[in-house]
Amino acid sequence: MDHDLMKERLGEFLDGEMSPEEGRAFSGHLAACAECRALRAEWERLRGVFFAAGPAPAAEETERFVARVMARLPEPEAAGAPSSLPEFRWLVPALGLSFAALALSFAPLLEQPEDPPSALLLEDSRSPEVARWMSSPEAETPDEALGFAAEER
Amino acid sequence: MTPGRYKREDADEQELIDGVLAGRRDDYADLVRRHYPRILGLCVSMLGDASEAEDAAQETFLKAYRSLADFEGKSSFGTWLHRIASNRCLDALRRRTRRGEESLDALLETEGPRVRRLVAEPARGGDPSGDADLVRRVLDRLTPEHRLILTLRELQGLDYKELMEALDCSMDAVKSRLRRARAAFLMLARHISGSSGV
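Taken in sequence, the protein lines are chains A and B.
Sequential numbering from 7 applies to the first sequence in this note's numbering.
Sequential numbering from 30 applies to the second sequence in this note's numbering.
Just chain A, with the same shape it has in the complex (with noise of 0.2 angstroms):
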């Protein structure tokens, strides 16, 4: 590594996050270079004015602290707390689905029976030929009562 990069990369050595073999490396440049010696030092000097852990909060500010946080905790059916039935979100649209199914299932059942032929047509448009197949027995078919013949494949 050429001494700007060295530099450049203080920072990841300091905070031991160089490979073994990057490290080494460097620092057989720290021991031969009065400027990055420097810095290093600057750096550490200032991270241990600016970035000085402060004291730790007492027990008794710890439990106040706990106390104030419990008594604000939402309750579990009302805020959409952790519930305890996580794991059986996938119930709900599998439900829906099964419904959905059986009432598609039960359609068919459902089906009004066919209009009559005779209801398609209007009272005051019967024909006489409809009003023969209306009334004849031996027409099985409104086709043969009206005297079309079946269509031969």
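In case anyone wonders, no lab produced these hints; they're calculated from the structure.
One or more hints might be untrue.
Which bits of chain A does chain B cover? Going by a derived footprint, with three or more residues having C-beta under 8 angstroms, they are [stated by the list, open to error]:
| id | segment |
| --- | --- |
| 1 | 10-20 |
| 2 | 40-53 |
| 3 | 65-75 |
Derived CB-CB ranges, DEER-like [what the hints assert, rightly or not]:
| id | chain 1 | residue 1 | chain 2 | residue 2 | range |
| --- | --- | --- | --- | --- | --- |
| 4 | B | 216 | A | 24 | 19 to 27 angstroms |
| 5 | B | 123 | A | 9 | 35 to 43 angstroms |
| 6 | A | 34 | B | 79 | 39 to 47 angstroms |
| 7 | B | 55 | A | 27 | 45 to 53 angstroms |
| 8 | B | 125 | A | 27 | 42 to 50 angstroms |
| 9 | B | 54 | A | 64 | 23 to 31 angstroms |
| 10 | B | 92 | A | 60 | 20 to 28 angstroms |
| 11 | A | 69 | B | 161 | 22 to 30 angstroms |
| 12 | B | 215 | A | 24 | 15 to 23 angstroms |
| 13 | A | 24 | B | 132 | 37 to 45 angstroms |
| 14 | B | 92 | A | 96 | 23 to 31 angstroms |
| 15 | B | 54 | A | 103 | 29 to 37 angstroms |
Among chain B residues calculated to face chain A with C-beta under 7 angstroms, some are [what the hints assert, rightly or not]:
| id | residue |
| --- | --- |
| 16 | 58 |
| 17 | 61 |
| 18 | 62 |
| 19 | 65 |
| 20 | 66 |
| 21 | 87 |
| 22 | 90 |
| 23 | 91 |
| 24 | 94 |
| 25 | 164 |
| 26 | 183 |
| 27 | 184 |
| 28 | 189 |
| 29 | 207 |
| 30 | 211 |
| 31 | 218 |
For each residue, glycine too, the CB sits at the ideal point set by N, CA and C.
Mind docking chain B on chain A? Use the hints.
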């Protein structure tokens, strides 16, 4: 409070999380108790004001409780809390109005010698509370993002992998952001001390 690396979830903590999810709210008190010092430390370092930091810490734990069912365990619980607290602190800092914010020159004019001494020499036997206020006023000059990553790394001791999880970014982004944050902070410190550094 000593900075240190978060260890991966141990069995005890996972049991507590499972307990909360099963409806044992008291288990959450144990989780709060364990993580309060570090989360408070982060919020104090970021926000400066003790009252505001306490509020942010409370909101962090409340948010974590409400979202606990979504915690997948890909990171440690502590790192996950850091992520929530970081976002809350960033939001708070960004909301602060720039009106009334002290300029660096104004700070140097009123506290020049003290600030220069702070930057040039480690605080030894000085005025801890006074120095803490000066530290806060100097750190206020950093952008919220630079201040956050430096706090997470230098004060909270998160390693790069934990930083990735807390900041939700790549390893390259962590390295890049840290480099820029440190460069900005060094430039600030050198400007204060009137030195050109190395």
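Right, here's what the structure says about each hint:
Only residues whose C-beta sits within less than 8 angstroms of a C-beta in chain B count toward coverage, and the segment 10-20 of chain A has 3 of them, enough to reach three; the restraint holds. A count of 8 residues in the segment 40-53 of chain A with a Cβ less than 8 angstroms from any Cβ of chain B is obtained; the coverage claim is therefore met, three being the minimum. Given as covered by chain B, the segment 65-75 of chain A passes the check, having 6 residues with a CB less than 8 angstroms from a CB of that chain where 3 are the minimum. Look at residue 216 of chain B against residue 24 of chain A: about 24 angstroms separates their beta carbons, and that is inside 19 to 27 angstroms.
A hinted range of 35 to 43 angstroms holds for the C-beta pair residue 123 of chain B and residue 9 of chain A, which are about 38 angstroms apart. A beta carbon spacing of about 46 angstroms between residue 34 of chain A and residue 79 of chain B agrees with the range 39 to 47 angstroms that was offered as a hint. A hinted range of 45 to 53 angstroms holds for the C-beta pair residue 55 of chain B and residue 27 of chain A, which are about 50 angstroms apart. The hinted window of 42 to 50 angstroms between residue 125 of chain B and residue 27 of chain A holds, with their beta carbons roughly 45 angstroms apart.
A hinted range of 23 to 31 angstroms for the beta carbons of residue 54 of chain B and residue 64 of chain A is consistent with their spacing of about 25 angstroms. With their beta carbons about 24 angstroms apart, residue 92 of chain B and residue 60 of chain A fall inside the hinted range of 20 to 28 angstroms. Taking 22 to 30 angstroms as the suggested C-beta distance range, the pair residue 69 of chain A and residue 161 of chain B conforms, at roughly 24 angstroms. Distance hint for residue 215 of chain B and residue 24 of chain A: a CB-CB separation of about 20 angstroms, consistent with the stated range 15 to 23 angstroms.
Our hint of 37 to 45 angstroms for residue 24 of chain A and residue 132 of chain B holds, since their Cβ atoms are close to 38 angstroms apart. Between residue 92 of chain B and residue 96 of chain A the Cβ separation comes to about 26 angstroms, which falls inside the hinted range of 23 to 31 angstroms. Our hint of 29 to 37 angstroms for residue 54 of chain B and residue 103 of chain A holds, since their Cβ atoms are close to 35 angstroms apart. Hint on residue 58 of chain B holds. Least Cβ distance to chain A is approximately 5 angstroms, under the 7 angstroms limit.
For residue 61 of chain B, the suggested interface contact is upheld, since its CB lies about 5 angstroms from the closest CB of chain A, less than 7 angstroms. Interface restraint check for residue 62 of chain B: the shortest CB-CB distance to chain A comes to about 5 angstroms, inside 7 angstroms, so the restraint holds. The interface hint given for residue 65 of chain B holds, since its Cβ lies 5 angstroms from the closest Cβ of chain A, which is under the 7 angstroms cut-off. With its C-beta approaching chain A no nearer than about 5 angstroms, residue 66 of chain B sits inside the 7 angstroms limit, and its interface hint holds.
About 6 angstroms separates the beta-carbon of residue 87 of chain B from the nearest beta-carbon of chain A, less than 7 angstroms, and the hint is met. Annotation: residue 90 of chain B was flagged as interfacial toward chain A, and the flag holds, the nearest CB pair being 5 angstroms apart, inside 7 angstroms. Because the smallest distance between the Cβ of residue 91 of chain B and any Cβ of chain A comes to about 6 angstroms, under 7 angstroms, the interface hint for this residue holds. Interface restraint check for residue 94 of chain B: the shortest CB-CB distance to chain A comes to about 6 angstroms, inside 7 angstroms, so the restraint holds.
Annotation: interface hint on residue 164 of chain B holds; nearest CB of chain A at approximately 5 angstroms, less than 7 angstroms. At its closest, the beta carbon of residue 183 of chain B sits 4 angstroms from a beta carbon of chain A; the interface hint therefore holds under the 7 angstroms criterion. With its C-beta approaching chain A no nearer than about 5 angstroms, residue 184 of chain B sits inside the 7 angstroms limit, and its interface hint holds. With a least beta-carbon distance of about 5 angstroms to chain A, the hint placing residue 189 of chain B at the interface is held under the 7 angstroms criterion.
Contact between residue 207 of chain B and chain A, as hinted, is supported at the beta carbon level, the nearest pair being about 6 angstroms apart and thus within 7 angstroms. For residue 211 of chain B, the shortest C-beta to C-beta distance to chain A is roughly 6 angstroms, which falls under 7 angstroms, so the interface hint holds. Proximity of residue 218 of chain B to chain A holds as hinted, the smallest CB-CB distance being about 5 angstroms (cut-off 7 angstroms).
Consistency note: the structure conflicts with none of the earlier hints.
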